[in-house]
Structure formats: structure tokens, C-alpha cells
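Participant: Each chain, letter by letter, is given below.
There are 2 protein chains.
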Amino acid sequence: MKAEVLTIGDELLRGEIVDSNKSFLSDRLLTIDAEVRWHTSVLDDPEDMVDAFRRAAARADLVLVSGGLGPTRDDLTMAILAETWDRKLVRDEETLRNLEAFFARFGRTMAANNAKQALFPEGSEILPNPIGTAPGCMLEVEGTLFFCMPGVPRELYQMMDEQVLPRLEARRGDGLVTRATLLRTFGLGESNLDEELREVADEEGVSLGFRTAFPDNYVRPMARAASAEEAEAKLQRACDAIEMKLGPLVYGRGEEETLEAVVGRLLDERGKTVAVAESCTGGLLGERITSVPGASGWFRGGVMAYANEAKVDLLGVPAQLIAEHGAVSAPVAEAMARSVRERLGADFGVSTTGISGPTGGSEEKPVGLVFIAVAEGDACQAREFLFPFDRPRHRAVTTQAALDWVRRSLLGEEPTAPRYVRGRS
Amino acid sequence: MKAEVLTIGDELLRGEIVDSNKSFLSDRLLTIDAEVRWHTSVLDDPEDMVDAFRRAAARADLVLVSGGLGPTRDDLTMAILAETWDRKLVRDEETLRNLEAFFARFGRTMAANNAKQALFPEGSEILPNPIGTAPGCMLEVEGTLFFCMPGVPRELYQMMDEQVLPRLEARRGDGLVTRATLLRTFGLGESNLDEELREVADEEGVSLGFRTAFPDNYVRPMARAASAEEAEAKLQRACDAIEMKLGPLVYGRGEEETLEAVVGRLLDERGKTVAVAESCTGGLLGERITSVPGASGWFRGGVMAYANEAKVDLLGVPAQLIAEHGAVSAPVAEAMARSVRERLGADFGVSTTGISGPTGGSEEKPVGLVFIAVAEGDACQAREFLFPFDRPRHRAVTTQAALDWVRRSLLGEEPTAPRYVRGRS
Numbered sequence: 001m002k003a004e005v006l007t008i009g010d011e012l013l014r015g016e017i018v019d020s021n022k023s024f025l026s027d028r029l030l031t032i033d034a035e036v037r038w039h040t041s042v043l044d045d046p047e048d049m050v051d052a053f054r055r056a057a058a059r060a061d062l063v064l065v066s067g068g069l070g071p072t073r074d075d076l077t078m079a080i081l082a083e084t085w086d087r088k089l090v091r092d093e094e095t096l097r098n099l100e101a102f103f104a105r106f107g108r109t110m111a112a113n114n115a116k117q118a119l120f121p122e123g124s125e126i127l128p129n130p131i132g133t134a135p136g137c138m139l140e141v142e143g144t145l146f147f148c149m150p151g152v153p154r155e156l157y158q159m160m161d162e163q164v165l166p167r168l169e170a171r172r173g174d175g176l177v178t179r180a181t182l183l184r185t186f187g188l189g190e191s192n193l194d195e196e197l198r199e200v201a202d203e204e205g206v207s208l209g210f211r212t213a214f215p216d217n218y219v220r221p222m223a224r225a226a227s228a229e230e231a232e233a234k235l236q237r238a239c240d241a242i243e244m245k246l247g248p249l250v251y252g253r254g255e256e257e258t259l260e261a262v263v264g265r266l267l268d269e270r271g272k273t274v275a276v277a278e279s280c281t282g283g284l285l286g287e288r289i290t291s292v293p294g295a296s297g298w299f300r301g302g303v304m305a306y307a308n309e310a311k312v313d314l315l316g317v318p319a320q321l322i323a324e325h326g327a328v329s330a331p332v333a334e335a336m337a338r339s340v341r342e343r344l345g346a347d348f349g350v351s352t353t354g355i356s357g358p359t360g361g362s363e364e365k366p367v368g369l370v371f372i373a374v375a376e377g378d379a380c381q382a383r384e385f386l387f388p389f390d391r392p393r394h395r396a397v398t399t400q401a402a403l404d405w406v407r408r409s410l411l412g413e414e415p416t417a418p419r420y421v422r423g424r425s
Numbered sequence: 001m002k003a004e005v006l007t008i009g010d011e012l013l014r015g016e017i018v019d020s021n022k023s024f025l026s027d028r029l030l031t032i033d034a035e036v037r038w039h040t041s042v043l044d045d046p047e048d049m050v051d052a053f054r055r056a057a058a059r060a061d062l063v064l065v066s067g068g069l070g071p072t073r074d075d076l077t078m079a080i081l082a083e084t085w086d087r088k089l090v091r092d093e094e095t096l097r098n099l100e101a102f103f104a105r106f107g108r109t110m111a112a113n114n115a116k117q118a119l120f121p122e123g124s125e126i127l128p129n130p131i132g133t134a135p136g137c138m139l140e141v142e143g144t145l146f147f148c149m150p151g152v153p154r155e156l157y158q159m160m161d162e163q164v165l166p167r168l169e170a171r172r173g174d175g176l177v178t179r180a181t182l183l184r185t186f187g188l189g190e191s192n193l194d195e196e197l198r199e200v201a202d203e204e205g206v207s208l209g210f211r212t213a214f215p216d217n218y219v220r221p222m223a224r225a226a227s228a229e230e231a232e233a234k235l236q237r238a239c240d241a242i243e244m245k246l247g248p249l250v251y252g253r254g255e256e257e258t259l260e261a262v263v264g265r266l267l268d269e270r271g272k273t274v275a276v277a278e279s280c281t282g283g284l285l286g287e288r289i290t291s292v293p294g295a296s297g298w299f300r301g302g303v304m305a306y307a308n309e310a311k312v313d314l315l316g317v318p319a320q321l322i323a324e325h326g327a328v329s330a331p332v333a334e335a336m337a338r339s340v341r342e343r344l345g346a347d348f349g350v351s352t353t354g355i356s357g358p359t360g361g362s363e364e365k366p367v368g369l370v371f372i373a374v375a376e377g378d379a380c381q382a383r384e385f386l387f388p389f390d391r392p393r394h395r396a397v398t399t400q401a402a403l404d405w406v407r408r409s410l411l412g413e414e415p416t417a418p419r420y421v422r423g424r425s
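Line by line, the protein sequences are chains F and A. So that you can map any letter, position 349 of the first sequence is 349 in my numbering, and since no number is skipped, the others follow by simple counting. So that you can map any letter, position 17 of the second sequence is 17 in my numbering, and since no number is skipped, the others follow by simple counting.
Bear in mind the hints are in silico, worked out from the structure with no lab data behind them. Glycine included, each C-beta is placed from N, C-alpha and C at the ideal position. Hints should not be assumed to be uniformly reliable.
[Stated by the list, open to error] Part of the chain A face toward chain F, derived, beta carbon under 7 Å:
id: 1; residue: M1
id: 2; residue: K2
id: 3; residue: D27
id: 4; residue: P153
id: 5; residue: F299
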């Protein structure tokens, strides 16, 4: 099944926004084995839109359209879809009632121009939009299946997952159902993951997709079977096998389960807390931890000990220690972690001290060097890393390594060395 | 001039990456008055690429192509461009020498497959790429101008700005030159900015583009004239007039000058320092400040006083004060700001304490409420805000308001109320 993704909107062509909808839709289409061959964007212009619809119908079996369903004058999708294939625009009374109710819930009356959102090409099937004003539609013309969906990402995601994908699955000629999930990993690069998992994937009869969103690496196993239940079971077995093979390299599943969310959940489940003492990461570690709702349940707080005086004044790190070993050292990292743990009464203390660049390096202590330490109870351990990335990435991967270390500790796993470890604990 | 932006690469069609190159190129094309009518992406597939090149040549006057210039088997752009119009692929000896020198600089020899990067369609003009291995090319065929550029963003940006745009400007039939710049603002929404600036833009004879990247709002003035010097002078006058009208709502210029970079520069110029005490923002303020290289020159450090005990233990905020007014209050915000300033010996102390949501609100103190305080010397002032955004956006705009307050203080400006202020100082 050859697919085209067509997004409509002047703002896209002016470069005002980056089109993440195309990527989302393409990614989702992988799960029904559609081959996305074309991405197209056109202006809110009748001629250009008609041309785009015609080309797409000529070359693709499946066309996902996003955008142009709003109430303004520039929103033309339904009208142009109808015009392109000589269909009438028909008002759907139920949609109109839903729209009026939608506005009433906010104590408002529907504006006149919203009425166009209840018009659909004759013969199309309406796709409900429970979280926005614009329903979508499905229309089959000349052997091509069109789906028109909103441009608002949140509404698009829901309509794609709840309305479009199930219809596409139901229509598969081969009667197969696909189930996929996202496994989130940290510590191994994409090509290594590929090698590690090739055999497992073959044995389990699933295909694997890979995606990198630094510093994460995602693996997407896809299982096909004759029914949803079988596909889900096959997928689960495959995930179990992958997790058996990769061990704690897999830290989470799905789009939402960030490393900080996983760490928060693990701490919360055990009634444990964490405090942080950050130097080069400057607050990023605390920011990540607190980005998770409910963090006050497991985060005691922390210190941004950016200047050496802050390490001394806020954490009581002996000035002598800094003078002797340097701020970027295992003894100082350990002192920071121990101190913040005690002072904030947390179960875990985590510290970072390093050189994120671009300046500040030396031959002995190059840019990229960083020490992370984790204190738990009376014990404390520091590890040395050399992350060869620019400043923002260095800070990102340092916080990732710190969070991962805490996660592994909570799971009773070895704090494995991400591949950038150059030193010893 | 009708333009098409064509990006090539399987990873785009699989949704593995979001295509920011298209937005960048479209945005840049605004400055030469090209009307971008089509965005297209196709696979690394010869047939699809030939078809895309042909369609683009038929409908557009200008085609910007990105991707497919690498050394691997999937990199086909030059070959396909040549094939589509029956051109030979010709080796450029100078490019080959440059490639060999490029690898030699890293102590490596050029791999065999890099040699294809020195092949160009006969009759094309080579565009140098000083920061990567793949030069681009310009080719005029059938009245359409093609530019082929790398897919690597950094290399694309440089080639577009240094090679492509100057050539396009030189070719303008009307002899006009365009100069544009980006003015960065915070505190006023897009439609308000539009209203405020309409008259100024007309008087100065410039056009204005607007873009929102929450919580910033960008204004792009574009000036056209018969020569580069005249256009630049016109643009400068327009910017002066806009900045006169908007006052300190404009905080910076260009792509790189983030609010934290501006604050860092202003502090650095005055030899002043800042320390932060964050509750709801959890480290984000410190992270933003330290994201700027050289921050150790002006950032003393800070405290993530997330739990109330941390406010007491790390900052010495009287428990009594918290019990009496609540953690989210002006008195506590002030105590936090004063304390961190003194303890870290900074010129400025900045604090945040609020309710970022989704839970934690009450009728008296709803989700979205936040107090920001700034201490300088013996003085300290707290302001109350109600930012009606979800958790991540609430934290982002709170840090933005905090940074902006410091900036305005350093400039001797009134700490103006962003439009979300509901309370009093």
C-alpha cells in the first residue's frame, strides 16, 4: 500500500512552523505496513490543493491529509476535497449539534463560521473529534483512500489512533493485524542495538525499527498476526525476549516514559527520595526530575554548585579538597553527593561536576570530562566519563547517565558503563 | 518567483526525524521574495527522485534540494539530477583534492566511497562546503534553477546563507536586494505586536513577518532597496523605529541571542553576578543561565528548594513564614531571593515559587499561580503572576519572566508586567 502524507497550510510553506505532523503520521503508518512514498505540503490555495489531491489520488493508494479543517476563510480542505471529485458538500446535523454543545460547555455560542465545520463531501464517512471542533472524514475516490484530519497535533494524534488506524487495519486485504510498541534504551548505539537484536527479532518473527533522539535510542518491534490478540501476544513475547537480551539497557516503553519519569516512579514505589548537587549541568538534572508531575513526592531539592565557592558555602565541600584535586574530580564529586544527601535528608544524593565546554579544558582534564557520584546511606561512589559532545549534548547525556545510575541502583542492577566511560570508579 | 523545497531521504518518509530543513529553507526564501508553493519529500529511490525533479522543474522557477549528497549507496542526488536531464557526471579535481585534505586534517585517508562526492552534473556550478564533505551545486535546466545542498542542518544553513542566497539576490530581475533580521520580543502576543507595529512598518517601508516560539515572539522586518547598502540602512532605520515603539519588549536580535544569553552579556559587561533559588521551576532557571558558555563569569549558583524543608535548611527561610503565608507567597519568595543572594555573594538573587500543575492548586492559590522575587543589594521585590499554561509551559514562561526582570533591571527599565500578571508587587 503506497501512502502519501499531505499537509495543508500557508504557515508551513512560510517556514513559520516545523511540520511534525508528517513525521507522526509516517511513523504511525509503519505499523500497518503502508509504504510512505511522498510527503507534500501546499498552501491554503484552491488550485494548489486540487492539484495536490489529484496527484495524490493518481500515485498513492492511501492519502493522509492534515490541516485546513478550521472555521476560518483559509480552511478549505472539505470544500476542495468535494470540488476535486465533483461531490456536493452536505451538512451533517449531528456534527452541528455537537459543535453547538461544544461551545455551550464553555458558556459560549457557536460563531457563524464554525458552521462550515459541519460540511462534508457527499459519500464520505465522518470521523469524530472529541477534543476539538473539527471532525475529519474518510473518502474513497478512484481507488484511493483519503483521510482528512485536523492540523492541531493533539487532535490529529487522537483521530489517527482512534479512528484512522483501526479502519486501516480492518481494511487490510491480507487480514493481518499489526501491533507495535516503543522500547526506550540508553547506553548502546543504534548499530550495536541492531546487531544485538537481529537474532532475537528473527526468532520471534517481528521486525524492528530504530530511532535516535539523543541521548536515547528507541527500538520499535512490530508483530503481525491474524488477529489483534495474537499480534499482541506475539509482540509481548518479542518484547520479553528483547528485554531479556538487552537487560537493563531498556529503561522504559512508549512515548511518554522518559527516564526521569521511570526514576520518579521507582523512587515513589519504594518511598525513597533523591537530592542533587550539580555543577556543570547547572540545574538540568533537577529540571528533568521536576518535570515529572508529582515530583515533590520523591525530590527533596538540590544545589546548583556552579562556582567553587558555592560548593564550599552551600555544600560544605572542604576548600582544601578542591584545591588538592580540582573541582572536576572523584573526591569532590563524592563530597558533593554525600553532602546534599545529608543536608536534604534524602535517600540518594547525586552529583555532577565536569567540563561541558566549549572552553575550560586542559590536557589533563579535557572538555567532555565529567564525574558523576551517587551517595546512598553511608556509601558513595564516583565514576569518570568522557562525553565527546558539544555543550548542550554533554549536559544532556551527563544527566541521562546520572538518572540511569539511580534507576539501575533501584533495580539492583550494575551501574553499567555507557560506552563513553573512559575511566574507573 | 515560485519556489519548491524538496528534501530527500528514507528516514524522512519513515517519520524517524522531523524535517526542520524545509522550514529553515522556506524561512530564508522569504527574504528574497520567492513564494514557496510546494514542500516535497521523496525516498532515496531513483524513480521517485527523477519524478520529483521533473515535477518541480515543470511547476517551479526555483527548487531547493536538500539531502542525498553523502558518500553511501543511498546518496543519489547528483547522479539523479544528471540522469533526469541527460547530463554526464563529471569529476571535479579540486573537490577531490579538498576531500583528501579534509580527511588528512583528521589524520585519516579518504574512503573510496567519498569519491562520489566529487561528481557533479556537467554544466553545474559547484557550491563549496567548508564544514562538511559534500559540496553542493547549482544547475539551471528548462528555465528552472536548482540548488542541491547537504541534508546535515549545520552544513545546509551555511551553504544557504553563504552560497545560495547571495546568488539568488544577484539574479533578481528587479535589481532589488532584501535584508531582513529577527527581533526577539517577550511580553506581548503576536496579534498585539502586529497592531503596534503596523504604522511603523508602513512609515519605514518594510514588511513584517511574525513567528511564535513560546514564550518568545519574533518579528522579522524585511527591507528592499536597489543595493545592499541601501537595504541594510533601511533595515536599520526600521529596527530603530520598531525598538523605539516597542521599547524593552525587544530583548535581542537574531537566531542565537536567547534571553539568557542577553542577561549573561549584560551581567558580564557590568561585572555583576546572579544566584537563583527555585521551587516550582526546579532547576530550569539555572539550566538556562548555565546553557550560555562562559556562565561561570556571572552565575554564582543556586538552590533547588523544591521541598519546604529545603527552603528552610538550605536557605534559612523561617519555617514560621512558610506556615503563615504558605510556600507560594510574596514573603517566602522574597526570603528565598534575599537569602540566596547573600549566601552566594551575588549581586542579584532571583527566586521562583509557584504551582506549575497539573495538581496542587486550590481556590485561593490556583494552578498557574507563581511568585517571582528579585533581590538586589538590600532591596527586594516580589511579583505575583498567573500563567494559564500546562506544566512545561508554565515553568518555561516563569523562567522567562524571571530572566526578563533581571534584564530590565540591568537596563534601568521598569520590570513591565507580561500580560499574565494578575496581582500586585
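Participant: Taking the hints in turn, state whether each one holds.
Facilitator: Going down the list of hints, with the structure as the test:
Below 7 Å, beta-carbon pairs count as interface contacts, and M1 (chain A) has none with chain F, the closest being about 14 Å; its hint is therefore violated. Residue-level restraint check for K2 (chain A) is violated (minimum Cβ-Cβ distance to chain F is 10 Å; threshold 7 Å). At about 3 Å, the closest approach between the beta carbon of D27 (chain A) and any beta carbon in chain F falls short of 7 Å, and the interface hint on this residue holds. Annotation: interface hint on P153 (chain A) violated; nearest CB of chain F at approximately 12 Å, more than 7 Å.
The interface hint given for F299 (chain A) is met, as the beta carbon of that residue sits about 5 Å from the closest beta carbon of chain F, less than 7 Å.
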